[in-house]
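Use these hints to put chain B onto chain A, whose structure you have.
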Amino acid sequence: MKKFHSVKLKIFFPLLLILLVVFLTSSLVIIDRESKAAKETIIDTAQSFSSLSTPSVVNDYLFYYDSGFYKFTEIIDNLMKLNTNLVELQIVDVNGKILFDSTEIVEGKYDETIDGDRYLENATLIQRAGDPTSSIFHAEEARRVDIIQPYFEETGRHAYSVRYIFSLSSLDAMTQEMILTISLYSGIFIIISFLLIFFLFNYFISAPIGELTKGARQMSSGNLGYEVQIKSKDEIGELATAFNTMSADLKLSRNNLEQYSKNLENLVAERTKELQEKTRRLEQSNQDLITAREQLSTLNRNLEARVQERTQEVEKLLKQKDEFINQLGHDLKNPLGPLINLIPLLEEKETDAAKKEMLSVLHRNADYMKNLVVKTLELAVLNSPNARFSMEIFNLSQEINHIIDNKKILFDEHNVKISNTINRSFTIKADRLRLEELLTNIFENSAKYCQKDCKITIDAKQTKDFITISIKDNGIGMTKEEIDRIFDEFYKADSARHDIQNTGLGMSICKRIVEKHGGRIWVESPGPGKGTTVFFTFPVGLTS
Amino acid sequence: MRGRRIMKKIMLVDDEKDQIFFIKTSFENLFGTEYTIIPAESGEKCFELLQNNELPHLILLDIMMPKMNGWEVFDRLRANPAWKDIPIIFLTARTDEFAEQAGALIAEDYIKKPIEIKELKTRIDNVLRKARKH
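Protein sequences, first through last, are from chains A and B. For what it's worth, the working numbering labels the leading residue of the first sequence as 68, then goes sequentially. For what it's worth, the working numbering labels the leading residue of the second sequence as 545, then goes sequentially.
Treat the hints with care, since some could be wrong.
So the derived list for chain A, only partly shown, Cβ under 10 Å to chain B, looks like this [what the hints assert, rightly or not]: (1) 405; (2) 476; (3) 479.
Computed list of lysine to any residue pairs in SDA-like fashion (alpha-carbon distance at most 20 Å, straight line) [what the hints assert, rightly or not]: (4) 561/B / 412/A; (5) 665/B / 478/A; (6) 665/B / 412/A; (7) 662/B / 434/A.
Derived CB-CB ranges, DEER-like [what the hints assert, rightly or not]: (8) 573/B / 557/A: 32 to 38 Å; (9) 522/A / 553/B: 34 to 40 Å; (10) 577/B / 595/A: 43 to 49 Å; (11) 595/A / 553/B: 48 to 54 Å; (12) 553/B / 557/A: 42 to 48 Å; (13) 553/B / 378/A: 50 to 56 Å; (14) 431/A / 676/B: 33 to 39 Å; (15) 595/A / 676/B: 45 to 51 Å; (16) 676/B / 421/A: 42 to 48 Å; (17) 577/B / 421/A: 28 to 34 Å; (18) 376/A / 573/B: 53 to 59 Å; (19) 553/B / 455/A: 32 to 38 Å; (20) 573/B / 431/A: 16 to 22 Å; (21) 378/A / 677/B: 50 to 56 Å.
I should point out that these hints are in silico values taken from the structure, not numbers from a laboratory. Note that the coordinates shown come from a computational prediction; the quantities given were computed from them, not determined experimentally. Glycine included, C-beta positions come from ideal geometry on N, C-alpha and C.
For reference, chain A alone in the conformation it holds in the complex (with noise of 0.2 Å):
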């Protein structure tokens, strides 16, 4: 109902009044002219009826004054009758004095006497009375017209006067009635218009609009694609049309996106199985991950307990070894002390050439056995990595001379002269016996391989933190290429000489106690004949 409330109130009640004042406002127009014209019309007749009639009532007064007004007051009440608009008449003379009155007649007779001389009411009716034309007057508000004729004789003279007064109060009747009439008429046409712009109204717009409104909610509670049934070829039809195409549009548009949302829910649908599958194939893993990792981890400390105990057994093995080297060292040495020794011995007293010579060969065996055996087990010492070294601190002029002083014997042996010009001052940090070792495998070489008026020389430079120390021998000197292998292990500079007592390991030997002492090895020779220089350095011992 609210479509009636909001549509048809807006529109019917603005339409009704228009109407309403359309024809009340015509209706008072025709009413006021129409009253107008039956006024003029009731005045004109008035006017002729009075001056049509006057001469006849004042003859017909004048005939039957003396006969007492005998059949006068019936021909004025036919007359009266003749117009009933005529209410009162009254025969006056000049002066303005009544002489008949129709309002005196009581029962068909009239009195002149009854009232006495009566005269016109004001000078004004009295002085038209005396007018010789005729007057009228209008009294709009006592609803009377008043029209005063004059009466001539035959003589020409004006002896009376005759007063007409006129009802307009039949006007008012007819107005009313007219008023009625209309009223109801319009009334009537009101009705039927309304009812007619109602009906038409509620059929090509109301009802449509409804239709569609319908069809709005339809289409708003999901029922896309309804179709409002509406055939007309107005605008409300293009509407309609327009609607349904829309509803049906939005219709597909609602199935596109029904079918969508559904692929898309399948799809999501899917993606989220999958996701859920890769989750669980994911815990999975971190749960094999973590196991493996325990696994591991246990792995891992096995590993480390058996490595530890590998690390011990090789230690321990590296002990064995080193034991056995030392061992192996004794075994070795003890029993090289009374070859070494004791063949020299008998070699020397021997005076049959034949077995001088047998215990020549002997001796020079047991020899080359005793170096071979004492480097190899020096240098297999040095490789372990089990060797310490005691460091001390030392004066090293004093501790070089000592070491040439024991081996006084290899110099007087090969004829050496050996000359310290090493600075007095100089103290070093290193093991002392590791570096007699060092000189001794050194001055060996030097004395081997010297020529003649063979000379060494032991001298000391120092930089900031180490001491450079040289011998210099004026022997047999090196190629370049023997200087490049010389402190390789087993080599031999001179091979064709097939030297017995060279082991070939005495600079390897050299080479590891100088490297364990933190410093290096190197070898100098001008050339072959001209002298070897070996070079060594230490670290500086603290001068206290």
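Just chain B, lined up with the frame of chain A:
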């Protein structure tokens, strides 16, 4: 010195008879009466000899010995006021750092086996010369 030779009494403490033999024989053959090698087969024997005889000029002490090793003998010798000034040279075939270190630090000298008699003589002479200086 050459004119008035002093007989150098060298006590050799070594459990191996062959070692004693070759050292003694070598010394006798090479240096004649210059040195007298007094063998002692063990630490106990060494002490016994020291107690009952004239003190030697020098002791050659083998480290590797059964029952009482060279270190113990060394400690006993140094602990005795009568014997503490006798120069000692260690003899060892072992290449243990410990042996080398100890030998270098606490004894007068140290000689590695296999011993070459000439080198041993040189060392003995050096040690005795130094000892005389003191």
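Structure-based check of all given hints:
1. 405: Since the shortest Cβ distance to chain B is 4 Å, the answer is holds.
2. 476: holds, 4 Å
3. 479: At 9 Å from the nearest chain B Cβ, residue 479/A passes the 10 Å test, so the hint holds.
4. 561/B / 412/A: Judged against 20 Å, a Cα distance of about 18 Å means the pair holds.
5. 665/B / 478/A: Within the cut-off at roughly 15 Å; holds.
6. 665/B / 412/A: With a Cα-Cα distance of about 15 Å, the restraint between residue 665/B and residue 412/A holds, given a limit of 20 Å.
7. 662/B / 434/A: Holds - the C-alpha atoms of residue 434/A and residue 662/B are around 14 Å apart, at most 20 Å.
8. 573/B / 557/A: 32 to 38 Å: Because 35 Å falls inside the window, the suggested range holds.
9. 522/A / 553/B: 34 to 40 Å: Holds, since residue 522/A and residue 553/B (Cβ atoms, about 38 Å apart) stay within the stated range.
10. 577/B / 595/A: 43 to 49 Å: holds, 48 Å
11. 595/A / 553/B: 48 to 54 Å: Cβ of residue 595/A to Cβ of residue 553/B: about 51 Å, so the range 48 to 54 Å holds.
12. 553/B / 557/A: 42 to 48 Å: holds, 44 Å
13. 553/B / 378/A: 50 to 56 Å: holds, 52 Å
14. 431/A / 676/B: 33 to 39 Å: holds, 38 Å
15. 595/A / 676/B: 45 to 51 Å: With Cβ atoms ~46 Å apart, the hint holds.
16. 676/B / 421/A: 42 to 48 Å: Given range 42 to 48 Å: holds, Cβ gap about 47 Å.
17. 577/B / 421/A: 28 to 34 Å: Check passed, 33 Å falls within 28 to 34 Å.
18. 376/A / 573/B: 53 to 59 Å: Between residue 376/A and residue 573/B, where Cβ atoms are some 56 Å apart, the hint holds.
19. 553/B / 455/A: 32 to 38 Å: Cβ of residue 553/B to Cβ of residue 455/A: about 36 Å, so the range 32 to 38 Å holds.
20. 573/B / 431/A: 16 to 22 Å: holds, 20 Å
21. 378/A / 677/B: 50 to 56 Å: Holds: the Cβ-Cβ distance is about 52 Å, inside 50 to 56 Å.
Of the numbered hints listed earlier, not one is contradicted by the structure.
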